[in-house]
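So the protein lines, in turn, are chains W and E. Okay, so the first sequence: first residue is 1 according to our numbering, each after it adds one. Okay, so the second sequence: first residue is 396 according to our numbering, each after it adds one.
Derived from the structure by calculation, the hints contain no laboratory data. Do not take every clue at face value.
[What the hints assert, rightly or not] Simulated restraints on C-beta separations:
1. W:LEU256 to E:THR530: 36 to 44 Å
2. W:PRO202 to E:LYS646: 40 to 48 Å
3. W:HIS269 to E:GLU429: 48 to 56 Å
4. W:ARG11 to E:ASP685: 22 to 30 Å
5. W:HIS269 to E:GLU455: 42 to 50 Å
[Unchecked claim] Chain W regions said to be covered by chain E (calculated; three or more residues, Cβ under 8 Å):
6. 106–113
7. 155–169
8. 297–303
9. 379–389
Where is the CB? At the ideal position from N, CA and C, for every residue including glycine.
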Amino acid sequence: MDLNLTAEETRLRDELRAWLAANMPKDWSDWREKPLEVSFPYLRAWQRKLQDGGWAAVSWPKEYGGRSASLMEQAIFWEEMARADAPPMANSLGLGLIGPTIIAHGTEAQKKRFIPKILSAEEIWCQGFSEPNAGSDLAGLQMDARLDGDHYIVNGQKVWTSYGWIADWCELVVRTDPAVAKHKGLTVLLVDMKSPGVDVRPLRQMTGESEFNEVFLRDVRVPAANFLGRVNDGWNVAISTLMHERGAYGARLHLLFKRNMDRLIELAHTVQRNGAAAASDPLIRQKLAQCYAEVEIMRLNQMRAFSRITSTGTPGPEGSILKIFWSELNQRVQQVAQELLGPYGQLLAADSRAVDHGIWSYGYLRSRGNTIEAGTSEIQRNIIGHFVLGLPRSY
Amino acid sequence: MEFGLNDSQQLLRDNARKFFAAECPMALVRKLLETDTAHDAALWSKMAEQGFTGIVSPEEYDGAGLGKVELILLMEEAGRALLPGPFFSTVVLAGSVLNSLGSAEQKKKYLTPICRGEARATVAMLESTANWDPTAAQVSVAIGKLTGEKLFVPDAAAADYIIVVARNGVYITGAKAPGIQIAPMSGMDLTRKLYTVRFDGTPVEKLGELAGLSPALDLATAALAAELVGGMQRTLDITVEYAKTRKQFGKPIGIFQAVQHQCADMYLETESSRSAAYYAAWTLEVDAPDSAAAVSIAKMYASDAARTVGNRGIQVHGGMGFTWENDLHLYYRRAKSTETMLGDATFHRERLARLVIDSAARSAKSA
Numbered sequence: 001m002d003l004n005l006t007a008e009e010t011r012l013r014d015e016l017r018a019w020l021a022a023n024m025p026k027d028w029s030d031w032r033e034k035p036l037e038v039s040f041p042y043l044r045a046w047q048r049k050l051q052d053g054g055w056a057a058v059s060w061p062k063e064y065g066g067r068s069a070s071l072m073e074q075a076i077f078w079e080e081m082a083r084a085d086a087p088p089m090a091n092s093l094g095l096g097l098i099g100p101t102i103i104a105h106g107t108e109a110q111k112k113r114f115i116p117k118i119l120s121a122e123e124i125w126c127q128g129f130s131e132p133n134a135g136s137d138l139a140g141l142q143m144d145a146r147l148d149g150d151h152y153i154v155n156g157q158k159v160w161t162s163y164g165w166i167a168d169w170c171e172l173v174v175r176t177d178p179a180v181a182k183h184k185g186l187t188v189l190l191v192d193m194k195s196p197g198v199d200v201r202p203l204r205q206m207t208g209e210s211e212f213n214e215v216f217l218r219d220v221r222v223p224a225a226n227f228l229g230r231v232n233d234g235w236n237v238a239i240s241t242l243m244h245e246r247g248a249y250g251a252r253l254h255l256l257f258k259r260n261m262d263r264l265i266e267l268a269h270t271v272q273r274n275g276a277a278a279a280s281d282p283l284i285r286q287k288l289a290q291c292y293a294e295v296e297i298m299r300l301n302q303m304r305a306f307s308r309i310t311s312t313g314t315p316g317p318e319g320s321i322l323k324i325f326w327s328e329l330n331q332r333v334q335q336v337a338q339e340l341l342g343p344y345g346q347l348l349a350a351d352s353r354a355v356d357h358g359i360w361s362y363g364y365l366r367s368r369g370n371t372i373e374a375g376t377s378e379i380q381r382n383i384i385g386h387f388v389l390g391l392p393r394s395y
Numbered sequence: 396m397e398f399g400l401n402d403s404q405q406l407l408r409d410n411a412r413k414f415f416a417a418e419c420p421m422a423l424v425r426k427l428l429e430t431d432t433a434h435d436a437a438l439w440s441k442m443a444e445q446g447f448t449g450i451v452s453p454e455e456y457d458g459a460g461l462g463k464v465e466l467i468l469l470m471e472e473a474g475r476a477l478l479p480g481p482f483f484s485t486v487v488l489a490g491s492v493l494n495s496l497g498s499a500e501q502k503k504k505y506l507t508p509i510c511r512g513e514a515r516a517t518v519a520m521l522e523s524t525a526n527w528d529p530t531a532a533q534v535s536v537a538i539g540k541l542t543g544e545k546l547f548v549p550d551a552a553a554a555d556y557i558i559v560v561a562r563n564g565v566y567i568t569g570a571k572a573p574g575i576q577i578a579p580m581s582g583m584d585l586t587r588k589l590y591t592v593r594f595d596g597t598p599v600e601k602l603g604e605l606a607g608l609s610p611a612l613d614l615a616t617a618a619l620a621a622e623l624v625g626g627m628q629r630t631l632d633i634t635v636e637y638a639k640t641r642k643q644f645g646k647p648i649g650i651f652q653a654v655q656h657q658c659a660d661m662y663l664e665t666e667s668s669r670s671a672a673y674y675a676a677w678t679l680e681v682d683a684p685d686s687a688a689a690v691s692i693a694k695m696y697a698s699d700a701a702r703t704v705g706n707r708g709i710q711v712h713g714g715m716g717f718t719w720e721n722d723l724h725l726y727y728r729r730a731k732s733t734e735t736m737l738g739d740a741t742f743h744r745e746r747l748a749r750l751v752i753d754s755a756a757r758s759a760k761s762a
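Pulled out of the complex, with its shape left as it was, chain W reads as follows (with noise of 0.2 Å):
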């Protein structure tokens, strides 16, 4: 047990820093309260420039640009980026989901063809895996894709996906063979979204915004060879793009969420209740305390969790502590920093009263969302009730 980095991660973390110091660009807090219609060329551009440093896929082989980093370097990796308040990339979906994915199922050809226009940002990925009637039941989804000579004829309906508006490509999970057990007959294509009969719709969520799309299929053709992995074994490829969601890209949240942390502590200093400040109030003192220590907690889970999967090899089921335990205690969180601003936590960011631009009202909205993305809290349980403590499976 040691948590201090290690010669190896400090030469990382440093590196990294002096590089954002010299490149991070100077306009982003003129940019990042845009809409991402308008603000993508420059998330493009600075996906671009990480390229160039080679920080842009620290996780990947370095064969395919990437620096092979360890777990705790790619922790440190997205940590260091949410301390320098560094834009997101472009193509986060195409970095960390699908071109791992790709790399570890494509053909010498695929790679060759889609993992370098990933990493510069040319083709932008979206995933469609979700639809209207599969959601926590995935693997019952229902979008037919039929041979016919040398093509795929796709056809259906997709939700939930993030970036479809904007994406060249799109991993898409389908049905290739209704007749067998619904596990087994799935296939996953690799579909350009310029495609004639694909129709992107914004799908209008419960903040206002659409930060997603439905995705609506008829009649698409895809080349028969744009399979992933094999077919009728979609199911796996699926899978191991999943495993990859609840990677140390937590690490990046984990920082997020402390400086949500000491921006409440602050706010704590400065908000008025019963005519002091709440930092003296002792209630509030209890609940900031015990936000902040379940904040600590999830970095220490992870960290736990990381250091597992570097002596085991593989991400085990025990992950989906953490997705429970992280988006669980942003609920909570949120609720305490509305009881904090107290009348002024509901303004939105369009209200000049907004305390911090709207972010808590729109924080307090948005994490509903969070026990839900990424495979729903009780789905999470059923993974370990059967997965890590061994009870019969439920369905």
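Dock chain E against chain W, hints included.
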């Protein structure tokens, strides 16, 4: 950065687990809880042979000289076994106070017999105000004599020495010194007995100042968090086993999500408590700047988690969980006692607030 156990730490943990499974089975725990002190001399000498009684004490006092992470692992296993008797009071609490405050001569006199397994000791902190802040002590020593009453003193009747936190310093005396009266308090936990200790002109020897207590109390507090982790793990294991075998509606109850999710939450709370306890031990080992905060975080989280893990475990057991025969209530009782000892979650949240909320105001002003 590495947050796993090294080989020797794993070995120590595995050996301790085997030792307690063989030497301190539930049958013995149940036998000891019916006794006055819950102390078993035979078990104690076996623990001494293992080096447990001197685990963190220096080798010059016949200790094993191991680190704080090792102590935490041993406490976790002791908690899993629900080890009855004065191990915590003697080795962790009194041992740490002697280690941090005692002179070389005092360590030789008091610590060496503890390490050898020849003596037991405890620390008397609380008074009727039940304030865990050592500076709240009211009893005081005048001309080498102590008068006053201490409450909630763990394992006092099994102790050979009693360390007393007084207004004007930390003192030690023999448990049979003149003017001492020890009487049992009837606490919920039957495996670690509590006592009142009354002093009437009792001669005492000074160990040191109150200001020097915090490292010892921090280590003891982290050790209690680890003990809670062990108890939670055992509660979880027993509960999962039950959920796999108990049948209702023709199926093992563990197939139902309402039951599975209780177990999943027990797992989450246990693992999170473990992360916090291990980290606290490590910060104490390397004297990290955030050690006080880390200790409070570990104790507050584990104190609350042990209670909810116990609640869930008993609930999953249904009627069986409410019987005397089932072991869960023994862990549940210990968890309540440990929850309050050296400060409950509310106490440690306030301590953390002083460290992280009030310091933010200070740094804002100085900026």
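>> Checking each numbered hint in turn, tell me which of them this model violates, lowest number first.
In response: Violated hints (numbers, rising): 6, 7; every other hint is consistent with the structure.
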